[in-house]
Each structure stands twice: as C-alpha cells, then as structure tokens.
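Trainee: Just so you know, the protein sequences line up as chains E and V, in that order. For the first sequence, position 104 (counting from the first letter as 1) is numbered 104 according to our numbering, and the numbering increases by one without interruption. For the second sequence, position 128 (counting from the first letter as 1) is numbered 128 according to our numbering, and the numbering increases by one without interruption.
These are calculated hints, taken from the structure and not from any lab test. Here the structure is a predicted model, which is why all the values come from computation and not from measurement.
Just so you know, same-sequence chains aren't split out, so a pair can sit in one copy or run between any two.
Dumping the calculated DSBU-like pairs for lysine-lysine here, alpha-carbon to alpha-carbon at most 30 Å: (1) K108 x K46; (2) K119 x K50; (3) K50 x K108; (4) K108 x K51; (5) K119 x K51; (6) K119 x K108; (7) K15 x K119; (8) K50 x K15.
Number of protein chains: 2
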Amino acid sequence: MPNETFYIGQSSGCKKAFTAEETLYYCRHLSGDNNPLHYDAEYAAKTRFKKCIVPGIMVSSLFGGILGSVLPGNGTIQLGQTCRFINPVFIDEEVEAVITITNIRQDKPVITFLTRVIKRDGTIAIEGEAVVLVATN
Amino acid sequence: MPNETFYIGQSSGCKKAFTAEETLYYCRHLSGDNNPLHYDAEYAAKTRFKKCIVPGIMVSSLFGGILGSVLPGNGTIQLGQTCRFINPVFIDEEVEAVITITNIRQDKPVITFLTRVIKRDGTIAIEGEAVVLVATN
Chain E
1 MPNETFYIGQ SSGCKKAFTA EETLYYCRHL SGDNNPLHYD AEYAAKTRFK
51 KCIVPGIMVS SLFGGILGSV LPGNGTIQLG QTCRFINPVF IDEEVEAVIT
101 ITNIRQDKPV ITFLTRVIKR DGTIAIEGEA VVLVATN
Chain V
1 MPNETFYIGQ SSGCKKAFTA EETLYYCRHL SGDNNPLHYD AEYAAKTRFK
51 KCIVPGIMVS SLFGGILGSV LPGNGTIQLG QTCRFINPVF IDEEVEAVIT
101 ITNIRQDKPV ITFLTRVIKR DGTIAIEGEA VVLVATN
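Taking the hints into account, I'd like the entire structure generated from these sequences.
Mentor: So, in structure tokens, the structure goes:
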C-alpha cells in the first residue's frame with residue numbers, strides 16, 4: 001500500500017544536460033519536429049532565445065525516468081502529466097528534475113507529485129504535476 | 001495575428017508507430033527510465049499490459065512535432081501541455097496524434113489545442129491540451 005511506504009514531501013531528482021545529438025534524434029525519430037529553433041544555431045541566434053532550445057516535452061521525459069526507476073520505481077504506471085514551460089532549456093545546459101509527493105490517495109495506490117525542472121540559477125524551467133499508479137504486485 | 005490565419009476547429013495530425021529501438025534510445029539516453037515495462041518483453045508479459053508499452057510522454061512528443069512543424073508551424077513556442085494517459089500504446093502499434101484548435105486569444109498570439117492520440121480501433125490513448133505562442137516575426 002503506497003500510504004505505508006511513501007509520504008507527503010518525499011522527493012527525488014536527477015540532473016541532465018541534453019546534447020545536440022540527443023535533441024536531433026528526438027526531433028527526427030520521435031516527435032517529427034522540424035522546428036529549426038531546436039537544432040539550427042543560426043536560426044536560433046535570430047530569435048529572442050539566441051540559442052537552440054531543447055523541446056519542452058523532451059525535457060519533461062526526465063520525470064518519467066525518476067517515476068519509473070526510483071520513486072515510486074519499477075512497475076509505476078503514469079496516469080497523467082501537466083507541464084508549464086516557463087523558461088527555456090538550452091542544448092548542453094545542465095538542469096535538475098525534481099519530483100515531490102503532494103498527495104497520496106487512501107482508497108487506491110495513486111500518488112500525485114509536484115514535478116519541476118530547475119535551472120542552475122534556481123529559476124524554474126518547467127513546473128507541473130504527475131499522477132501515477134503504484135505497482136502493487 | 002493568429003486570429004486572422006487560424007480558426008477554432010482547425011486540425012492537423014500525424015501517424016506513427018514507435019519501434020523498440022526508438023523506445024530503448026528514449027529510455028537510455030533521454031528519460032533515464034529503466035522501467036522494464038518499456039523494453040523487457042518477458043517482464044511485460046507478466047503485467048496486465050502483456051506487451052511492452054511506449055512511455056506516455058514519449059508518445060506525447062508527437063504533439064510538439066505537429067505544433068512546431070505544421071500547425072501553427074516553425075517558430076511556435078509551447079507554453080504548456082497536459083496529458084491524461086488513458087490507454088497504453090504498445091511498441092510497433094501505429095497511432096494517430098491529432099491536434100485541434102479550441103481557443104484563440106484576441107489580445108495576444110496564444111492558441112489552445114485539444115491534443116489527442118487515437119488508437120486504430122478509435123479509442124483514446126492520450127488526451128490533453130497544448131497552449132502555444134505563435135511566431136509573429
């Protein structure tokens with residue numbers, strides 16, 4: 001039962017910098033996104049961002065990694081995810097994804113997390129919520 | 001101005017089947033997810049899903065591809081995304097991602113989309129909303 005092993009405020013995180021190669025793979029093979037803002041430095045230089053930015057949902061992949069591997073861990077089924085993309089994450093910029101338990105249902109093994117991606121200067125890049133079903137077998 | 005070129009109900013979509021190789025790349029290089037449900041067929045066979053499932057946020061990458069490449073197109077900045085993962089998407093299962101305009105702000109170039117991933121039998125795999133800032137330059 002999740003309310004026996006997890007608690008409100010329990011937290012986990014990971015750090016990662018997404019490379020140009022990873023971003024290109026994501027755009028070409030997964031999302032099919034040919035927005036040059038993600039991989040064309042010359043194009044990006046003319047935008048208000050100045051540099052290539054990693055797609056927001058690609059950065060949000062980190063939440064699933066923590067949820068499925070660490071907290072709650074293997075067998076976790078994600079039911080939902082919300083994301084507000086507040087500040088851009090640039091290629092090769094190390095960010096930290098942090099998930100924190102905000103609610104544990106008593107009637108079923110469902111946990112809600114605050115999910116955030118934080119930049120080195122402390123500003124929030126992405127903020128939202130994940131709802132997961134915890135493996136009970 | 002977005003309200004001159006876009007309209008409520010305007011829609012675009014794409015079809016894709018995510019391969020085992022793409023899923024493994026996503027888990028190993030992007031999300032860091034070592035949940036065996038995504039790539040270990042023997043493990044998956046013992047779960048209620050029976051087969052390996054593509055991570056929900058990985059499937060949701062398709063929305064960004066359409067938004068950034070087709071509608072509204074290049075230069076689009078995504079401000080937010082919500083996803084409810086209603087039914088699993090399996091490896092090699094072709095699904096269709098469809099985005100439909102539900103709101104166009106009059107005061108700024110911000111558009112809201114209903115975002116759905118639909119399975120071949122018509123059931124919804126993922127449903128949510130995307131909010132984007134349209135390129136105005």
